[in-house]
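K.L.:
In order, the protein sequence lines correspond to chains A and B. Under this note's numbering, the first sequence has 213 at position 213, and the numbering climbs by one with no breaks. Under this note's numbering, the second sequence has 112 at position 112, and the numbering climbs by one with no breaks.
Derived by calculation from the structure, the hints in this document are not laboratory data. All values reported here derive from a predicted model rather than from experimental measurement. Even glycine gets a Cβ: it sits at the ideal position worked out from N, Cα and C. Misleading hints may appear alongside valid ones.
Quick list of the computed label-pair ranges, beta carbon to beta carbon [said to hold, decoys possible]:
(1) B:68 - A:198: 38 to 44 Å
(2) B:55 - A:219: 49 to 55 Å
(3) B:55 - A:137: 55 to 61 Å
(4) A:263 - B:6: 49 to 55 Å
(5) A:229 - B:70: 25 to 31 Å
(6) B:34 - A:192: 42 to 48 Å
(7) B:30 - A:267: 38 to 44 Å
(8) B:127 - A:246: 23 to 29 Å
(9) B:41 - A:27: 29 to 35 Å
(10) B:3 - A:63: 29 to 35 Å
(11) B:127 - A:198: 49 to 55 Å
(12) B:6 - A:246: 34 to 40 Å
What follows is the residue order along each chain.
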Amino acid sequence: MSTEPNESVAAPLYGLVLAGGRSRRMGRDKAALAYQDGVPHARRTADLLAAVCERVFVSCRADQESDPTLAGLDKISDHFDVGGPLNGILSALAAHPGKAFLVAACDLPFLSAEALATLVAGRDAAKTLTVFENPLRDNFLEPLCAIYEPEYLERARAVMTQGLTCPTKIANALDVERLRPDNALFLDNANHPEDFEKAFALLSGGATVTVEYFAIFRAQAKRSSEEIPLDGASLADLYERMRVRYGFALTRESVHVAINDAYASWDAVLRPGDRLVFIPPVSGG
Amino acid sequence: MFRLTDKPIDAATLRAELENDAAGASVTFEGIVRNHNDGRSVLRLEYEAYLALANNEGEEIVRAAREKFDILGATCVHRTGGLAIGDMAVWVGVAAAHRGEAFDACRYIIDTVKHRVPIWKREFYTDGSVEWVGCAGCDSPHAG
């Protein structure tokens, strides 16, 4: 039997966005960060995968099922007794036997359609895994932007009995197709607030929203409006940021919010150019 | 009709505009600046409004009143800027065939305006202190 890659036997390709991380170093949910147009990066990653995959799922924790950032996306929650991203990958393969998964972490700000096209074109379905090596990191394998064939599930679990739970170490122990990217920037993940700031500055194209202040907020902020970068922060996060910056005494529970001259819910998502107003308790009449 | 104005409210003209031969009832409410609030002696006050949202919300409240109650007409005018004791801060007028609907609609309009329309009152007290009403770190939302 030939071991040459054969288009006719390659398993159908599904997509999986890894969004279940705790974002401890970032201090904000990495899935919700927005680098372009205010779109949470987990959603942007899902859109990129949708262009090259039959279906796309998000791997998330059970407590993210109702997260507005991931609303409307198909979810797969963890089913194995192992920590980290490996659980999400194994859970997806177990939930959809016979399907291969193009896996991408939600914290790759520079992930592009071109990078994914390179990965799909370089796929060798006869190998367990098609994965990039990173020339910027001593050619380490980058298993969080890779294609996992259905056989990975059993082969990885066999390797795991030797105590390995890190996807990179497991990849090193398996028969993988290694791809070398021309430009490896898209493999850089953003883990720290400084990573985010740098990537945001390069990608956002200067998207901003205007915040206007009235009454006690105008008095305390000593300004009636300002432009702020649109970086995916939730309205609650933005209020907290302004509350700390200007010393607002009012807690969010007593404040309402308006977007473009209409009351809005705290769950609303900002778009570039929106005008945002925090409304302190009103006292007309 | 809802309107914000930085000029004194002319109640007689507003009332005349609501006159209607089919109306057997006219109910009006006048909100007046008083000389005390929460046990403190008030000298004067200022109203600040978020004009675009206040107009949107005010129009919506009057429209909703005409839908909820069987009335012939409704008007609400609210002041902005500086006001002295005895000045009229807000005027509401409702014309209806019968008094019940007119009273109910007038009450609905003033209560909802106080609850929703983004207007803020800044009180100046006789002891020289100044305060944004309802905003002193309190957590009772939209205290009217």
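K.L.:
All hints are to be evaluated individually against the structure, with a verdict given for each.
P.N.:
Against the structure, the hints come out as follows:
Look at residue 68 of chain B against residue 198 of chain A: about 55 Å separates their beta carbons, and that is not inside 38 to 44 Å. Remark: the range hint 49 to 55 Å for residue 55 of chain B to residue 219 of chain A is contradicted by a beta-carbon distance near 23 Å. A hinted range of 55 to 61 Å for the beta carbons of residue 55 of chain B and residue 137 of chain A is consistent with their spacing of about 58 Å. In this structure the hint that residue 263 of chain A and residue 6 of chain B lie 49 to 55 Å apart at CB is violated, the actual value being about 24 Å.
At roughly 52 Å, the beta-carbon separation of residue 229 of chain A and residue 70 of chain B lies outside the given 25 to 31 Å, and the hint is violated. Taking 42 to 48 Å as the suggested C-beta distance range, the pair residue 34 of chain B and residue 192 of chain A does not conform, at roughly 56 Å. Evaluation of the 38 to 44 Å hint for residue 30 of chain B and residue 267 of chain A yields a pass: the beta carbon distance comes to about 40 Å. About 27 Å separates the C-beta atoms of residue 127 of chain B and residue 246 of chain A, a value consistent with the hinted range of 23 to 29 Å.
Restraint check, residue 41 of chain B to residue 27 of chain A: a C-beta distance of roughly 48 Å breaks the suggested window 29 to 35 Å. The given range of 29 to 35 Å is broken by residue 3 of chain B and residue 63 of chain A, whose C-beta atoms sit roughly 49 Å from each other. Judged by the Cβ atoms, the range 49 to 55 Å given for residue 127 of chain B and residue 198 of chain A holds: they are separated by roughly 53 Å. Distance hint check for residue 6 of chain B and residue 246 of chain A: the Cβ-Cβ separation is about 27 Å, which falls outside the suggested range of 34 to 40 Å.
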